Amino acid sequence: MMALLPLVVASLGGCVTVYQPLVGLQRPTVIDFQQDNFAGQKILVRCLPQDNLNRNQAQVLCRKISTLFSNQGADVQTLVPSERDTGDAEAAERLPDLTIDTKVRLVSEQSSLLLGIASVWTFTLVPNVGEYTFAHDVIIRDREGFALATATLQARFIRYFGLGVWGVNGLLDWLVRSDDEKLGGNVAQQDFSRDLYRQLSQLTFTAMMRSRVMHSFADAPAAAPPAKEQP
Amino acid sequence: METLVFLVVMSFVIVLERTSDPSAGVLRGKQEARNLECQRISAAEAHARHPVQVPEPPARATGAQVDALDCQRLYMREGERPARDEMVLSSLRRDVAELVAAARAKVPHEPPLVWHVDAFYPDQAVAAKVAVAARTHMAELGLTVSDRVPLLAAGDIAVLGRLPAQQSYPTACARYVDQGVLGDDHVFMGLMIVDGREGQLHAGLCRRGQWTWLR
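Chains as they are written, first to last, in the working numbering: chain A, 1 to 231; chain B, 1001 to 1215.
Simulated from the structure, these hints should not be mistaken for lab results.
These numbers were taken from a predicted model, which means no experiment stands behind them.
For each residue, glycine too, the CB sits at the ideal point set by N, CA and C.
Not one of these hints is a red herring.
Now the in silico label distances, taken between C-beta atoms and shown as ranges: (1) A:H215 to B:G1209: 18 to 26 Å; (2) A:R143 to B:G1079: 32 to 40 Å; (3) B:G1180 to A:S216: 23 to 31 Å; (4) B:G1196 to A:R63: 27 to 35 Å; (5) A:R63 to B:A1097: 36 to 44 Å; (6) A:S111 to B:L1004: 25 to 33 Å; (7) B:T1003 to A:E181: 28 to 36 Å; (8) A:R143 to B:A1097: 24 to 32 Å; (9) B:E1098 to A:E144: 17 to 25 Å; (10) B:G1196 to A:E181: 29 to 37 Å; (11) B:Q1167 to A:G73: 19 to 27 Å; (12) B:V1132 to A:S112: 49 to 57 Å; (13) B:A1097 to A:G167: 48 to 56 Å.
Facing chain B, a subset of chain A residues (Cβ under 8 Å, in silico): (14) P21; (15) L22; (16) V30; (17) T133; (18) I158; (19) V168; (20) L172; (21) E181; (22) F205; (23) T206; (24) M209; (25) R210; (26) V213; (27) S216; (28) F217.
Here chain A stands alone, though its shape is the one from the complex (with noise of 0.2 Å):
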């Protein structure tokens, strides 16, 4: 009986999970990631593999991303490169304006043993706690292989599980927190999401303002928006 317990609370939503931005996702951003931002840029996307993220999670998260610049006008081509198709990169890298890769990681995670005992035994009325914490790194190059911009951003996320913690969280939902404040539901996944979207867009936008100056405006659009102060 009690070893069902905890698919019992599972089945009704048992688990609140708290997203916490770390090192660069909550530094602030001026880009707005709906307007056309990246009109006429070809962008490549590659999102490497690695020992947390398996081939199929990298191309969710690839096409992710190609969505995010697609929706801000660039021509967006997706590539998760494997051992067999290093050619198609190498080939695909000369063509784009910009090419970003990301690599996912991560960097802690933290559970303890003895917490999960007393979940159990006291039918989760003490919280079982897990912690993860991954890192995005991201580096973005000009057609030339230029370095443009980097940064690893840093997401921390708390996963409480338990008929208890859920309980409260979820009355502190309904009766106490604003609609910013509230932590139940699928907020971590969606705030994380809004977190890594916007600063990948800051930094990409960052990268082909870069590009630009460094190529003296020479593939800059006719139309660009001045600064409104100049000389």
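Dock chain B against chain A, hints included.
Coordinates of chain B only, in the frame set by chain A:
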């Protein structure tokens, strides 16, 4: 009854144990958590930074690798100043150092030149901070820096203000020389944002009527 009390006490112990956690939770809101800048560091590094709070890790640790979360409160809370100002000012020292180094590499060291610096930014107060930071850094490097900012006639400024950035700065540079504002032994460095959607400073150099973009 005793069992219920035990369970409740255990739950409170867990909740209290989590109060030092910087993430959002029962006692800390999401906005408050976002005003902390945290990074994961090793236990040894954590001890070096905070020797009182973090005990020294054993020299020959054989168990699982232990790390720590090091958090610092942001100087400016989220939303206290405009996002672009925050982006520019939070990395101003590093950016200015990089841009000045790039500028120095572009001009010969002999004969000694007089440097003029100005910043072009939508907010005048931030522009002044950027310009002062660059002048101060140059002075610290031993360069001859002038407080004077080269100025153009009102008609020039009216025309230049309508041009895109890629044309306005080179044109302004040519006008500086045409009007005798900048001599051969003077060099002008401009720091600016080129597009309103970025929070990254660019820079260019004007010498003998030639404008060179640096970054």
